[in-house]
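Trainee: This is what each chain is made of:
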Amino acid sequence: TSNNQAAVPATAPAQQSSGKPGKPITIGFSAPAADHGWLAAITADAQARAKQYPEVTLKTVEAGQDATAQRAALQTLIQEKPDVIVVLPFDGAQLTATGRAAMQAGIPVINLDRQFSDELAFRVLIRGDNYGMGVAAGHFIGERLKTAGTSAPVIAEIAGIDNLPLTQDRSRGFKEALSSYGFKVSHRVAAEFTIDSGQKVTANLLQAAPKLDAVWNHDDDQGVGVLAAINQAGRKEFLMVGGAGSRKAMEQIRADNTVLKATVTYSPTMSGSAVSLARLIANGRGIGDLVELTVPKEIRLASETVTKDNVADYIGLGF
Amino acid sequence: MTDSADTPVDGPPLLTLTEVVKTFPGVRALDGVELTVRQGEVHCLLGQNGAGKSTLIKVLSGAHRPDAGQITWQGRSVSFADPQAAMRAGIATIYQELDLVPDMTVAENILLGHEPRTAGFVRRGAMRAAAHTALTRLGHGEIPLGRPVGRLPAAAQQIVSMARALSREARMLIMDEPSAVLAHDEVSNLFRIIRELRDQGIAVVYISHRLEEIRQICDRVTVLQDGRTTAADLPATTPTAELVGRMTGRTLEHVFPPRPPRAPSGELLRVEGLTRHGEFSDASFTVGPGEIVGIAGLVGSGRSELLETVFGARRPDAGHVLVDGRRLKPGSVAAAVRAGLGLAPEERKSQALLLGEPVQNNIGLASLSRHATAGFVRRGAERAAATEVADRLELRPQDVGRRARTLSGGNQQKVVVGRWLLGGTRLLLLDEPTRGVDVGARAELYQVVRSLAEDGVGVLLVSSEVPEVLGLADRVLVMREGRIVHEARAEEIDEHTVLDLVMAGSLLEGAAQ
Amino acid sequence: MTDLASAAAPKMKTSWWRDDASEPVRRNLGLTGVLVALVVIGLVSAPDTFATSGNVLNILTQASAIGVIAIGMTFVIIGGGIDLSVGALTALSAVWCTTVATQGFGGGGMLFTALVVGTVAGTINGVLIAYGRLVPFIATLAMMVGARGLATKISNKQTQPVNVESINRLAENKLLGIPVLVLIFAGVTAVGWVVLNRTTFGRRTVAVGGNAEAARLAGINVRRQTVLLYALSGLCCGLAALMVVAQANAGSSSQGDLYELDAIAAAIIGGTTLTGGRGTVIGSLLGVVVFTTITNLFILNNLPTEVQNIVKGAIIVGAVLVQQFQPRDLFRKR
Amino acid sequence: MTDLASAAAPKMKTSWWRDDASEPVRRNLGLTGVLVALVVIGLVSAPDTFATSGNVLNILTQASAIGVIAIGMTFVIIGGGIDLSVGALTALSAVWCTTVATQGFGGGGMLFTALVVGTVAGTINGVLIAYGRLVPFIATLAMMVGARGLATKISNKQTQPVNVESINRLAENKLLGIPVLVLIFAGVTAVGWVVLNRTTFGRRTVAVGGNAEAARLAGINVRRQTVLLYALSGLCCGLAALMVVAQANAGSSSQGDLYELDAIAAAIIGGTTLTGGRGTVIGSLLGVVVFTTITNLFILNNLPTEVQNIVKGAIIVGAVLVQQFQPRDLFRKR
Ligand SMILES: Nc1ncnc2c1ncn2[C@@H]1O[C@H](COP(=O)(O)OP(=O)(O)OP(=O)(O)O)[C@@H](O)[C@H]1O
Ligand SMILES: Nc1ncnc2c1ncn2[C@@H]1O[C@H](COP(=O)(O)OP(=O)(O)OP(=O)(O)O)[C@@H](O)[C@H]1O
Ligand SMILES: [Mg+2]
Ligand SMILES: [Mg+2]
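Chains as they are written, first to last, in this note's numbering: chain A, 23 to 341; chain B, 2 to 514; chain C, 1409 to 1742; chain D, 1409 to 1742.
So that you can see chain A by itself, here it is in the shape it has in the complex:
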């Protein structure tokens, strides 16, 4: 399945810095459990990555359905004293206390993607760039419409779960990027990161906007539903940009037979990298080509724009 492909290209850098296997290492890993491709890939990539290192054992605890459940999971994990903990929290702020607790217990915490509200709660933060994602989508759409010479275009945004801070960051980036072209978002709907919700809100959205020029959909998972709705309405007049970068989305971009012309990445491979960093920290090493002797405090992935032209390079990373 997808995780293998995800892992393969990520292997390359691993070899350089890892060198010979060190002492056995236990890495605790916790991510929200959700029926969602991206989150599934996060867990899968971490596991695939861990397999690369014979001395590393990855102890995954599924975090259940909400922050409370994940807190319970982490507290149990802390009691088992792994060498490092990699955690993608449901909500950074709500799990900061637990992160801090782990650090105080002498376990370095690698904070994946959703940032703790307290610096003391993590040793390394590695995350994607939600704001940047919105910006990328905004620029792509802006450029396309400008070159097409569309004046006062109708631009719609299909957000994910709306009361997540990350959704807010994405929307903000999108809005600000568009405004640099003098454009604005004229229709904004929010789905739930699920296919169903994607289909429903889009079907309604297409009724609300009889004519569209561009659409940004935050999430390629719900994108399946979004595209289904668009096909059912037989609409073709606009271009659409996806988000996160699922394999299916990239295939559609390559095939270029749908309204989907691009997607802005938010790659789950970061969890693979997090495992590698965890290993380095456990061994007190730094990142190979960097001067520093230890792993830096923060790493932020850039959100790249995958189009027909460069899709070949990225399709391997699609989840």
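Label-pair ranges, simulated between beta-carbon atoms:
{"id": "1", "chain 1": "D", "residue 1": "Asn-1571", "chain 2": "C", "residue 2": "Gly-1595", "range": "58 to 64 Å"}
{"id": "2", "chain 1": "A", "residue 1": "Lys-330", "chain 2": "C", "residue 2": "Lys-1582", "range": "29 to 35 Å"}
{"id": "3", "chain 1": "B", "residue 1": "Arg-316", "chain 2": "A", "residue 2": "Gln-101", "range": "49 to 55 Å"}
{"id": "4", "chain 1": "D", "residue 1": "Thr-1507", "chain 2": "A", "residue 2": "Lys-319", "range": "27 to 33 Å"}
{"id": "5", "chain 1": "D", "residue 1": "Arg-1632", "chain 2": "B", "residue 2": "Arg-77", "range": "23 to 29 Å"}
{"id": "6", "chain 1": "C", "residue 1": "Lys-1582", "chain 2": "B", "residue 2": "Pro-398", "range": "48 to 54 Å"}
{"id": "7", "chain 1": "B", "residue 1": "Glu-455", "chain 2": "C", "residue 2": "Gly-1595", "range": "50 to 56 Å"}
Each computed DMTMM-like pair below joins lysine to aspartate or glutamate, with the alpha-carbon atoms no more than 25 Å apart:
{"id": "8", "chain 1": "B", "residue 1": "Lys-350", "chain 2": "B", "residue 2": "Glu-98"}
{"id": "9", "chain 1": "D", "residue 1": "Lys-1582", "chain 2": "A", "residue 2": "Glu-102"}
{"id": "10", "chain 1": "A", "residue 1": "Lys-330", "chain 2": "A", "residue 2": "Asp-151"}
{"id": "11", "chain 1": "A", "residue 1": "Lys-258", "chain 2": "C", "residue 2": "Glu-1580"}
{"id": "12", "chain 1": "C", "residue 1": "Lys-1561", "chain 2": "A", "residue 2": "Glu-214"}
If you're looking for bench data, these hints aren't it; they were derived computationally from the structure.
Just so it is clear, CB atoms sit at the ideal spot from N, CA and C, and this is done for glycine as well.
Start from chain A and add chains B, C and D with the ligands according to the hints.
Mentor: Same frame as chain A, but now just chains B, C and D with the ligands:
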């Protein structure tokens, strides 16, 4: 029994109702009622099922608000906004429909709404004491205070609601058919209390369908018909014929239809050694086609259980039931119904009726497939059949489209019996069929049962009213502590003997406990 | 006293529609009123988009899957139960009928699978409740959790795209200008109405829900009826699952999320009582359409989600109040 | 006379566990059995982690917030209602009490705000139901949607970190080695038990739920009682909100998600009947602990979620069956 007519009371009017009107959707339940109750008298309300008695007392107790009319209580014109108001004014009520909370204990039910309390905390000791006093006053100290009333038999539940009314400080006590669920001898016990109350100057409004009770306890009688007062302040000595006339507008010649001479031949139902531990044991008897067999016994002697077990509603621990010599599948109502049995259970509301459904659907319930083709109900046919049954039972109001909830108690009973008439039943099991049914309707029901018998239907009748058993049945079984202790042809046995047999049982039982 | 007198007057006038027998009708009248109100709001707030045939059909299409489920739910609730597992069963059927293996059998095979899976799961609910004597709430809650888990396991958390054209095109297809999905919904509603009001099955359902003991003593096999009811609900879920799959062109364990809430809400706002024994198919139909219309209105007017929810809450309350309103309430407490 | 009397008295015809008076006890016995079974499973499957005091306290802490809500829910259900809004009210109170403005007043101010917000919202539920005559399901559903929306609006979709030390440390603080949160839960349970079993308020709750008409005829103000019940439930949500906030060191509109389901499930599995009039506080307490323990077991054995859910469904069914099992059923069908 002392004839209370020789103690005429002429206190000042405690309560007067003038021109009271209460309408329900489609019905004028009360249509200008006049009523005067004097201090320290026992005032009886008479009327057919649906005459408006219960509605009237609900108006008095603040449970319903009248649409029009004047209520004068102790000389002041009042309108009770809710039951609290009426209670504060000193009116306590025993409602016809048991007004208890099944999952609360006897003690809690008795003091519900006026629990002895300090700072919101129930004083449980005081509560139990008060409850016990109320119960012992009714001669029932033995009812366990800590048991949820839902687990008491109907009779005991009735005692509990009476105890509740008594536990209030009242100037007037209203009793809506308190004797309906009481066995013959419980009633005289009840009368003892009523007289005590009367002698304390408390007015009692008493509703019953049993005219002989009126004779024993009442000072004055008011008769209602179709929500109107047809006669006020009659002396209790008024001849039965006249009372019935005022109630029904007709004259009632005989209550029990004549028994045909011929002894019924053959056998329809055979019960052999039927037993359910703790309820009844080793019951064996037969019922022939066209034969009416009555079962007499005390409340709690296990007659209902026996009936329900014969009907397959309960699974016997031993013994079996045969119809036409073929064994019935034990514990299967469906099998019993297929074999032509029909049961009119004891608790009509909880065991028999779909209160929210039209009468038609209630009557048709047991014979759905009979009026259906390929699973589709032929509603025309069903309606016709139901209407016919309704006519035959003189249902009031006749309209079979009416919801069962809105029927008066007696008429609801008719609906339950009607269900089996429609079902083409060959053996009818009746548990307390005339409970809460008025004189006229009773006679009609007896007629129906008898005519069914004449059409060859076998009938097994359970009743706490010995005269009813003796008057209607061809053969009588006496039950005691769950055993059939005596069997005789109705002509060969009299009320006194039956009571003796029944008593003996309870005496033993009393000794045992 | 005077207030009593004055209170008497209006009573007679209004008595006809107070009559219990006509009550379901009245309730539906009420809901229809609510719907009309929503339409007016739509016409005013989004004049050029709301009334388009496209949008109306869109609303009905959105309502179709959940509507089918709501019909099944209506039967269960009238029968005195409740089914919390409908959402999960939809997901399970959707996932099961979109596995690569199943898709091999083509559209027919997928439909068959969806229906069987739903019905079997529903039957299990029924057996647990009727013979295991579990409280419906708990039994179906367990099924809800379990079925969702099973669905996730089968799909291995992946979205399963559909390659069967007949299914993929189902959502686009129209008959006489009406989307097939809407026609299915209409069909199910019609059948549901007939079954409830014209068949012995429907009668037994009402009897079992209204007074189980009475039904039992009238010779009705209460347990069998109960099992059938939950099986029916499961069947509806299976059908709905295929409709959802057709709309999404994919099956996923995340489908049917919280459908149980929508279905129950629709049935209850449609006049079905949770205590069982009464309810109408038409009411549930209207309930579903009302909810879907509300959502549509929000998006047409481009309202932010949080505002949507606040307003939605208010609308629900308003709707029920409108629907309950009776002139006599002005004069009467009881 | 007296012998007749005794005739009317019910015979002791059944063994003790059939006697209704002892039924709640029996049910709780059953649940305790289930709990014991779970503990055994824990000891076997995770010998070195499960029995640690740390883990046990962890379980109880996890149970505390939802437990407090379940107690309030128990009262509402016994009173013949249901409250779907508890999760949303928790979120609303949590968000409201963590706004920068509120935090200005310190811990006390936050507690006060949380309690007031919860209670007021609960009271609105009660008024809608008792005086607006809305079905509890619909009224609280509307509140659930609306309150969640309002919470989102107030928090402006951001998580609100708490800077008040007293609150942030609340979750860590212990008294005699027992976490404060657990103590609060214990306290609420105790109070709940006393109120239900020893006060007129409690008894009237049972009366209203068991037979509203009887309660009315007995002079109980049914409507007032109803309002109070929902207010109480709201109050519990307010308290729970503060506990959740203390654990998360933050308030968010996503908190309390699906708590309504857990709370209702806990109450019902604890023997409270949805039809009202019957239920026990202890039962609900056990119900919550059972559910939390199940989750904990899964994490200790770190099963993947989908498996967790499948097994969980099975366990729930099993638990209830165990708890219902009565020797008598072996030879007596009724
Ligand atoms: N809640 C109600 N809704 C509609 N109609 C009702 C209601 N209660 C009573 N009625 C009607 O009012 C009339 C009087 O009923 P009521 O119960 O007072 O008669 P009753 O004299 O008590 O009869 P019974 O002797 O059988 O108890 C009947 O026609 C009955 O159908
Ligand atoms: N719901 C109940 N719970 C417990 N015991 C009951 C219940 N109903 C009846 N009993 C007991 O079962 C036995 C039979 O009761 P039941 O009232 O059916 O006898 P019965 O002869 O039919 O009296 P009735 O004349 O009231 O019909 C009695 O000992 C009674 O106490
Ligand atoms: Mg009456
Ligand atoms: Mg009986």
